[in-house]
Every structure is written in C-alpha cells, then in structure tokens.
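There are 4 protein chains.
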Amino acid sequence: MGLTIGVDIGGTKIAAGVVDEEGTIRDVHKVPTPDTAEGIVDAICSAVSGAGKGHQIEAVGIGAAGYVDDKRATVLFAPNINWRHEPLKDKVEQRVGLPVVVENDANAAAWGEYRFGAGQGHDDVICITIGTGLGGGVIIGNKLRRGRFGVAAEVGHIRVVPDGLLCGCGSQGCWEQYASGSALVRYARQRANAQPENAEVLLSLGDGTAEGIQGRHVSEAARRGDPVAVDSFRELARWAGSGLADLASLFDPSAFIIGGGVSDEGELVLDPIRKSFRRWLVGGEWRPHAQVLAAQLGGEAGLVGAADLARQG
Amino acid sequence: MGLTIGVDIGGTKIAAGVVDEEGTIRDVHKVPTPDTAEGIVDAICSAVSGAGKGHQIEAVGIGAAGYVDDKRATVLFAPNINWRHEPLKDKVEQRVGLPVVVENDANAAAWGEYRFGAGQGHDDVICITIGTGLGGGVIIGNKLRRGRFGVAAEVGHIRVVPDGLLCGCGSQGCWEQYASGSALVRYARQRANAQPENAEVLLSLGDGTAEGIQGRHVSEAARRGDPVAVDSFRELARWAGSGLADLASLFDPSAFIIGGGVSDEGELVLDPIRKSFRRWLVGGEWRPHAQVLAAQLGGEAGLVGAADLARQG
Amino acid sequence: MGLTIGVDIGGTKIAAGVVDEEGTIRDVHKVPTPDTAEGIVDAICSAVSGAGKGHQIEAVGIGAAGYVDDKRATVLFAPNINWRHEPLKDKVEQRVGLPVVVENDANAAAWGEYRFGAGQGHDDVICITIGTGLGGGVIIGNKLRRGRFGVAAEVGHIRVVPDGLLCGCGSQGCWEQYASGSALVRYARQRANAQPENAEVLLSLGDGTAEGIQGRHVSEAARRGDPVAVDSFRELARWAGSGLADLASLFDPSAFIIGGGVSDEGELVLDPIRKSFRRWLVGGEWRPHAQVLAAQLGGEAGLVGAADLARQG
Amino acid sequence: MGLTIGVDIGGTKIAAGVVDEEGTIRDVHKVPTPDTAEGIVDAICSAVSGAGKGHQIEAVGIGAAGYVDDKRATVLFAPNINWRHEPLKDKVEQRVGLPVVVENDANAAAWGEYRFGAGQGHDDVICITIGTGLGGGVIIGNKLRRGRFGVAAEVGHIRVVPDGLLCGCGSQGCWEQYASGSALVRYARQRANAQPENAEVLLSLGDGTAEGIQGRHVSEAARRGDPVAVDSFRELARWAGSGLADLASLFDPSAFIIGGGVSDEGELVLDPIRKSFRRWLVGGEWRPHAQVLAAQLGGEAGLVGAADLARQG
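Protein chains in written order, with our numbering: chain V, 1 to 313; chain L, 314 to 626; chain F, 627 to 939; chain U, 940 to 1252.
Just chain V, with the same shape it has in the complex:
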C-alpha cells in the first residue's frame, strides 16, 4: 500500500520504478528510449505497466526535461524530444488508468533529495544538478516551488556573463555554459591545447589529443593530480560557487545540494565550490551561511522524487 511509480526519461533508457513511502525503490522496469516523440509516450506507458505488474499502484509521476505547465499536465517545450505543448498527463492517464503528474526532471530530483536524501530536515533548500547541463529545483517552506506558470527554477539559464557564450536556449552567457559537465570538458580541452606539458595524464587517458578529452578523463586525471584537470575543476567550481552566491542572495536557503554526474567527484569538486561560494557570498560575515552538501540519491533522485510528488497529488 502507498506505492507509486516514478518515471525517468533518459537518453538511452526510460526507467519506471515502484517507490514506497520511505522512498525505497521496490521494483524497476526499463525500456529503450525510442526516437520519436510519440514512441516515447508509448515507451513510458510500457515501462509503467511493466514495473507495476504485481503491485498496487496509486499514481504515476513522470520527470521530463523541459518546461512543464503549472497544472503539471503539459510539456510546453522539451529540449531533446519534439514535444511542444504535449498533453503528456492526459495521454498516459488514458493508457495506464492511473492518476499522472508530470514534473520537470530537475524539480523531481530536487524533491527526491529533499524528501529522502541530503535535504531531509531542511525547510528551504535548493538542489543543483550538474550533469551535461545545469538544472535545479527550489524548495521553500517545505514546498516545491514551480512558479506561477510552472517554469521556475531554471537555474542553468541565468545570465552570468553579458555577451557570453551562446547557449542552446538561444540566449548568451547562461550559467550552464560555465558550470556544467560540458563546460568542464571545454575547460580541459582549451587548457590541454595551450599547455600539453601540464596535461600529460589527462591526454594519456583519451586518444592523446585535446579534442579527444571526455568528462570521465578529466575526473580520473584530476584524482591523479594532473594540473590541467585539477585547474579545470577549479574553474568549474569558481563559476558554480559564484552562482550559488547569487542564489543565496535571492533565496537564502539553509542548504544547497549538489547532485549530477560532476558531483560524483565528491570533495574534489565540492571543496572548491564551497570556497568560491564563500568568496562571492554577499554580506558574508553578517549573515548565517547556507551549507553546501553532496546529493545522496545519485541518479535515482529524479525517479524517486517523481514518484513521491505523484503520491502527494
């Protein structure tokens, strides 16, 4: 009793998980991610049915990248799937016969961490997911804050450099371009190009060229002390921390939770983020400081969060 399903739509797999009231995943069913927008709807339904088999399911929560409307029903725009004003809730409800809630995936992950991970015990917390891109979710007063139209907490797209780098969103200088896994790789490639003698370990992990450097190479090289890799993480952290300082000025949460692939490096990245955060936090000595914590649920935060949001109705 009290079981709900959370759905995570990944680039290669769609995962549906049966989650209980303690946030434990009881069962998971995965299907490959189809190419077409309609195919993905089918696959979601199929994953939900597969996972739910043999369970008494109350509701379904779907985490989707992109803008979700304030009714948590329609995907207004998805960056990677051709969904434009897609009535995802209605479609899936008709097919699976359960109440469905659609939520932005970073919001869902934030909720997961707030309920069952690093955010437990905090009333006001911001979760930042640093993966290929940069997403986030905002909990204030123990509620997920979605804004008037459902599209709040798009933290990756505040402008941190006027006339800065072009962003996939069409704007320039977005935080995501400076504090994400993609940015980390760019930092490493640029530095390895300019100073190959300081990137020997890093270059040895890939195909030997700066262009061949991948995110996992930077992590591995940084752990082994490669100067360019360490410096690339420091640059990422510089931007991540200064952005957190902006969020602290605006939201004043009690904690930031850092999740996503980059955060797997733990203190290697968290420690310089904290330093940069303190460097740029306005009014530092006259105010209490938010903690900067590592996420605890890893890649399951979104699925667990979506399931829990569905339970809450």
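Bear in mind the hints are in silico, worked out from the structure with no lab data behind them.
Bear in mind the structure is a predicted one, so any value in this text is a computation, not a measurement.
Please note that a few of the clues may not be correct.
Here are the computed lysine-lysine pairs in the DSS-like style, where the Cα-Cα straight-line distance is at most 30 Å [as the list claims (entries may be wrong)]:
hint, chain 1, residue 1, chain 2, residue 2
1, F, 679, F, 656
2, U, 969, U, 992
3, V, 13, V, 91
4, F, 679, F, 639
5, V, 71, V, 143
6, F, 769, U, 1010
7, V, 143, L, 456
8, F, 656, F, 639
9, L, 384, L, 404
10, V, 91, V, 30
11, F, 639, F, 717
12, F, 697, F, 639
13, L, 456, V, 71
14, U, 992, U, 1010
15, U, 1082, F, 697
16, L, 366, L, 404
17, F, 769, U, 1082
18, V, 143, L, 384
Computed list of chain U residues with no C-beta within reach of chain F, every gap over 10 Å [claimed, not checked]:
hint, residue
19, 963
20, 967
21, 985
22, 1029
23, 1080
The beta-carbon is built from N, C-alpha and C at its ideal position, and this holds for glycine as well.
Please arrange chains L, F and U on chain V, whose structure you already have, making use of the hints.
Same frame as chain V, now just chains L, F and U:
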C-alpha cells in the same frame, strides 16, 4: 479597530503612520532622523507614540534597510546606520508596549504593493525598488519569502558582470551598480563627457558640467528628448530588463512591479525595461510571460507594507 | 613599365589583376576557386598567367587569409584552405617565373588603402576590414608593420569579452565575434526573435523567420528604418568603436579606415562607430583624435595592395 | 664625451642622472618633489644642474607620466601633476641651456630596457611596467613608437572587461585595473576577507585586517606559500598574460619585457604570466611565440632610457 503602525526610516525623516486594514494611512507622525544608532531607536519610539496618540493600535511594523534576522527581531547589519546585531524589536517593544515586527524595507514595500497596490490579485510577484540603489521583495504563494535566515530577496547584489564595478557590499559586478539611480547618473555623466554636443539640454539643467549632472536632470532632459539622457535611461533599462529575465528564470512570477524613484518616470523607463526583459527572457515563445507593472503606492509602500505585516503577526 | 600583379583569393573566385604604379587595375583575370589546397596553387598560377598575357610584369603579390611568415614566403596557417606551412612563394615563383611576395590579405588591403585610397597622406594609419570576419592592417611610419614573425595586426582576435563567445580561432571573446558581419546577423536574428513586432521590414525581406535573416537584409532594412535592423547596426558599432578606442590607446594613429562589406553602408555604420569611438577613447579631451574614415577602394583594396607590395619588393 | 642627463620624476624624489653611451649612470643628483606644478619645473632644473656639475652634457631627457605631444616638448596631460599643455621642453631648455627631450616615462623605461637591458638584440619588443599602475612602451623596427600624436603605447587603458571597474582615466574595465600592483592588493584583500583561514601568513604581516594588507605583504606572504597571496598573484598573472596575448595579436613582437615593482618577484609572477600568455595566445601552435622576459634595469630604466633618447635627438 484593526489599526497598526508602520515605520519608515528615511535618511532625513522617520515616519510612523497609522494604517487600517484597507491599507489607508489614517495618521502620520514624522521626526527628524538622528545621527546616532541609539538616537534612531529613540526617534522611532517617539514617532510611534506620536502617531498612535488617540488611536487603538494593535502592533507596530518597522521597515529597516539591511539584513533582518529570521525572527524579524534583530537587525543583523544595516548599511547606513551603525546597527550590528541590533535587537530592535525588543528595544521598541519595551518602550512602546506593543508587539513589534521588524522587516527589511524593500520587503515591506513589496508587501505593500502586493496587498494594496499593483500586486493585488497576484499570488507570485516580485517587487523591484529602483532608487539610489536596487532592492526587492519576493512574494510566492501569497507569502513574503524571507529565506531561512531572513536575508532573501537581496536582488541588488546578484552578480551580473564578472570582475565588474565595485559595490558598497564588498563584491563586484552587482546588479545594483548597473540598474539603479546611481547607475543612471553615471551613464549620463560618462556620455555627456564624451559627447557634450548630444547632451545640451541635460548639461543646461545643472551647472554645465558632466560632473554636475543629477538624477533629476536626467529625468527632465529625457522627457525633453535629450539624446544622452534618453540613451542613459535605455542603458539602465537594458540592465534592469536582463536582470528581470534572470529572476523570471528562477522565480517565474506572474508579475514584476517596478517601484522607487526611477520608476516615477513611468513608461519612459518601463517600456524599454519591458523590451529588454523580453529580449533576454529565456524560452520566450514557449512559456507564459510575467507582466512588468508600475508600482502604485509610491514612497508609502514601505510604511503601509510594514504596518500590514505587523497586523498579520 | 612598372606593372605588377596582385592576387586576391576569394571563396568562389581567384582574381589576378595587373596594376600600375598609380594603383590602377589595367587588366583582370578570374578563375573559379578549386576545392583542394594544391588546386588553389594551380589556380593562382593560372590566373596570374592569364592576367599577365601581353603585359610586362615585374612581380606578383598574393594576398592570403591566415598567417604568413616574416619572409612573406610561407603561409603558416590558413583558416579556410588546408595550408599548413605552405611554401606558396616558392611554388608560384617556380611556376610563373616572377618574383612573388605573399602577404596576409587584410594587410594587403590596408596597404592598398594607404597608398591609393583613404589613407593617402597619413603616415600612421590602421585599416579595419569588417566583412564576415574582422581583419586589419597597421601602417606606422609609412611602413606596413608585420611584427617580428609576420603575424601582427590580427585585430579581430584581441579579447574584448572575458569568457565570451567561442571563436573559430579557438579562443573566446574575440573582437571579431562582436564587430563583424557575422555578429551583425546574429544581433539581428536574436532581436527579431525576441521582438518580431519591431522587425517587420527586416523579416519581410527574407523567408519571414529570424533564422532566415541575412546580412543584406539587415542593411536594406536599416536603410528603411526597421528598428531591429537599426539597433543591430548600433550594437555592431558599439563594439567596433570601443575596439578602435583600444587600438588608439596602443597605436595612436592619425586615422582609422573602415573597409569591408559592412562599411558599404557608409554613414549608417560609420556615424555610430565614431560616436562609440569617442565614447570610449581614453583621455579624450587631452589628446588629438584619430579620424574614422570610409575605405575608398572597396573590394579591390587587397588586390591593389598586394600588387603594390610586390612592386616595393 | 657623449654624456646626457636623464630625469626621473618620482612621487617623493626627482632624480637626474648623468648617463654615458653604454647606459651607465656616472652621477646622480636627487631633490625632493615639490607640491606645485611650477615647483616641479624648478626642481627638475635644479636636479639637472646639480647632476651636470663637472660633466660635459650634450642633452637632457625627461621622463614624465602622462601624455607628451608628438614633438616631445609639451606635456598634454599629467595624471599626478597639474600640468595641462605644459611647455616643459621650452621651460627647461631656457633654464639649463641644453637641448631637452620630454618623453612619457613608460616609453623611456621601455627604451632603456631595449637599449641596455633585457631587450638588447630584439628589433621588436614591448616593455610592460607593472607598478601601482600599468604602463608600457613599444619598440618596432628598432624605433620607439609614439604614434601620430605622441600618445601611443597606453597599454594600461585598453578595455579588458566591458562594464568593468572604474578607472582613474574615466573609462571602465581598463587593463590597469586588473593587472597592476593596485589590483594585486585588491585581490588579496577580497580573498583575505572571504577566507581568512587561508591568509594567516598574509594577515600576520600587516595589522591583522584585510584592509591593512599592502603590496609588500602579498609578496612576502606569497614567497612563504600563503594560499591567498599565491592565489592573488595567480589572478594578477591571469590578467597580465591574457593582455600580453592581445598585444601579441596586434604587434607580434619577439619579446615582452616585464618591469616595475611587481616584477621584482621574478618567477613567482613571471611563470604564471607566461602560462596565461600561452593559454590565451591566438593561433598558438601555428606561429612563433614571443618570449616573456624579466626587466634588468629595475627602477633606473626610465632615467637611463630618457638620457639615451636625448642623445639620439
């Protein structure tokens, strides 16, 4: 019945006003602002007593510039008064014998506009006060959001230019340095210096020098079409609008309310702010847009808001 | 007598022109630009032979995009042709039996303007070519200044925005990304996207979409007063002028000459460039100012300049 | 035989030195720097007379901060002395009865290094003086390049951050604000404020407060490995090196010479400057690189250079 007092601490006057449940000011008492921190506490008590004479007052709300703690009791830091961890609530309560609430002044003004001004009918609204500096207040879900520690909504100190202008807060590149009355004057002086032939009206309003230009000259000259004055407002609006776009990405409110002295210029400044807001709003065509509205309460917003916050307890 | 040939390597045509001592083109021969690096060498030789037929030619000057070494013999790197340490001088000399000088194309154009165009009478002049990209050439003390290694005057790649836009050169924030024809189109598209109601003329000239806007549409629309097109030129001019101010701080020339496709718009673009130049010129009132002049030779500047440089040996 | 006098105008002392053809200072006479503009002219004449006593002097060279006109006669504007269109050459010539040449002080220092210091053997060299501010001089083709109007090589005032820090020159974002001794102190203070636990050595050298940090403290602390001091030098070097990359794009010299007080730290600052230079040098692998060398003449470069420029007439 239902009367409370709101206090506004200005640079030259401290005003205490008796406010009813409809936000109407029934009575005002003003005293000069003393030089010393302790003198100002005395003056606040004196103004409250003066205003309250003959009224049945339930509570007092004080709007103060600076950081106010989460209990709305202590001024952690004030930029213009030597208050550091000042227990203002306790001091005034002991003296006036009424329940006291202390609130950041920009928060109070935001609340005033939300309750009785341009924000009526909105659940999620951000009020920006563009005076000499740049302040703000955030209402989400019909509640003033003060953050975990009381110091949220410091909108003027998000960093919009890395390595940018020094700010009084100790940081660099704060939004306040680019979108405030002080910034407007700087824009006008720089331009008048470089292109005096395009600033004839503007220069004629002061002492004839670029350094002599004051904010009111820029407003007057802009109304008369002076190219440098118009361009200075446009520059201010460019920065104001791009900052609103950042806030929309984070908070997704249904409306922004622009108050403060600069906003007295009305459409002269609001129209270019709206254009810049739309220019920089991320995801523009795929999302509903917040309105950008003029404040309605003028300089009384803070006093009225503080009084109402005191009523709400 | 006194005839030399100048060669201009364009994207679609390679032009060889016979030029006399007054800078007059007596004869031109054009051939299509081949796809391969070696094919282009062949085509240059063929164009030179074709143009020289019936003339007594003393020498050949070739203007090439990219880095040319200090001996004016080898193309170290070309951005659009697969030339890497290409011994162009030797190859062409062997084939056409004439002395050959290789020169960076923007340097050649600058020399052409200095000798026969807007730069006549100036001893110290900088020519800026604003086409798709941004190139330049520097004449100091009546000599073309190529630097110690031949690669001076790469004006398009000074960094004007830290952490700014990615550039084809591998760096970020290069001037070329903000003050070029490509930048102009980007400005227009971004603005038309955000404010289609202010871009009606501009959008009507292309396929109706922001993405369909081309450079020639912006020019035409600006002449017709389209607000977005005018504003896009103003943005280009803002960056062009501030960059000129930097160059004035460093080189203090008596004149800047603005050539390239964008400059075909004449005062539409020159007037705002001059204003921005004056806005940002350091020490403005205490120093004589360089003039900002329109180029006079149009697209022939490079060919004529290369021919004249060959004559000078 | 062949003796000339060079004059260096410091904030506290005016030094006149008798210099021979090998750049050796044979004699020096110093007088205190007066407060008034006219007093300084008197003091220069007095120092020259004092130094020249017993020597056969051919000419006098005066290095002055500020803009000097193209005739090397008039100080158009001096930042620290109230000289505006000051006919310094005429005044001093009348008084001392010798030919006088006036030169910008950073130009004079650059010439000194080129002739007798680190620049020997280079035809094209740029000397950067990083003291409280940031000055420079440019030698191209073995000549000091002063521009058409005498005010070239104002390297400290190229704009490296749009909308950046205010500069004493009236502009914003000047290189001097990011790569100078003043910038170094600002970096150290900001960091010590935010992270006192990483600045223990640094803070112990002054009065214990971040505001009390002086330049010499940063140097001493950096030598002792203080993290904040080291990081402050790194930040300075980051900006210095990226600016050198810009200068390389424009001038393509064979060497940069780094002088001034900051350069007294030697490799502590030169090594990170070189790294940053290479990081930002455009076209790095396709072009020969300029060397980055330490100045050799220390504080005497200006005096020696001025004397030599006077000799050359």
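Against the structure, the hints come out as follows:
{"no.": "1", "hint": "F/679 / F/656", "in the structure": "holds (13 Å)"}
{"no.": "2", "hint": "U/969 / U/992", "in the structure": "holds (13 Å)"}
{"no.": "3", "hint": "V/13 / V/91", "in the structure": "holds (20 Å)"}
{"no.": "4", "hint": "F/679 / F/639", "in the structure": "holds (19 Å)"}
{"no.": "5", "hint": "V/71 / V/143", "in the structure": "holds (15 Å)"}
{"no.": "6", "hint": "F/769 / U/1010", "in the structure": "holds (20 Å)"}
{"no.": "7", "hint": "V/143 / L/456", "in the structure": "holds (12 Å)"}
{"no.": "8", "hint": "F/656 / F/639", "in the structure": "holds (6 Å)"}
{"no.": "9", "hint": "L/384 / L/404", "in the structure": "holds (14 Å)"}
{"no.": "10", "hint": "V/91 / V/30", "in the structure": "holds (20 Å)"}
{"no.": "11", "hint": "F/639 / F/717", "in the structure": "holds (20 Å)"}
{"no.": "12", "hint": "F/697 / F/639", "in the structure": "holds (26 Å)"}
{"no.": "13", "hint": "L/456 / V/71", "in the structure": "holds (20 Å)"}
{"no.": "14", "hint": "U/992 / U/1010", "in the structure": "holds (28 Å)"}
{"no.": "15", "hint": "U/1082 / F/697", "in the structure": "holds (20 Å)"}
{"no.": "16", "hint": "L/366 / L/404", "in the structure": "holds (20 Å)"}
{"no.": "17", "hint": "F/769 / U/1082", "in the structure": "holds (12 Å)"}
{"no.": "18", "hint": "V/143 / L/384", "in the structure": "holds (20 Å)"}
{"no.": "19", "hint": "963", "in the structure": "holds (29 Å)"}
{"no.": "20", "hint": "967", "in the structure": "holds (32 Å)"}
{"no.": "21", "hint": "985", "in the structure": "holds (28 Å)"}
{"no.": "22", "hint": "1029", "in the structure": "holds (19 Å)"}
{"no.": "23", "hint": "1080", "in the structure": "violated (7 Å)"}
In this structure, the one hint that does not hold is number 23.
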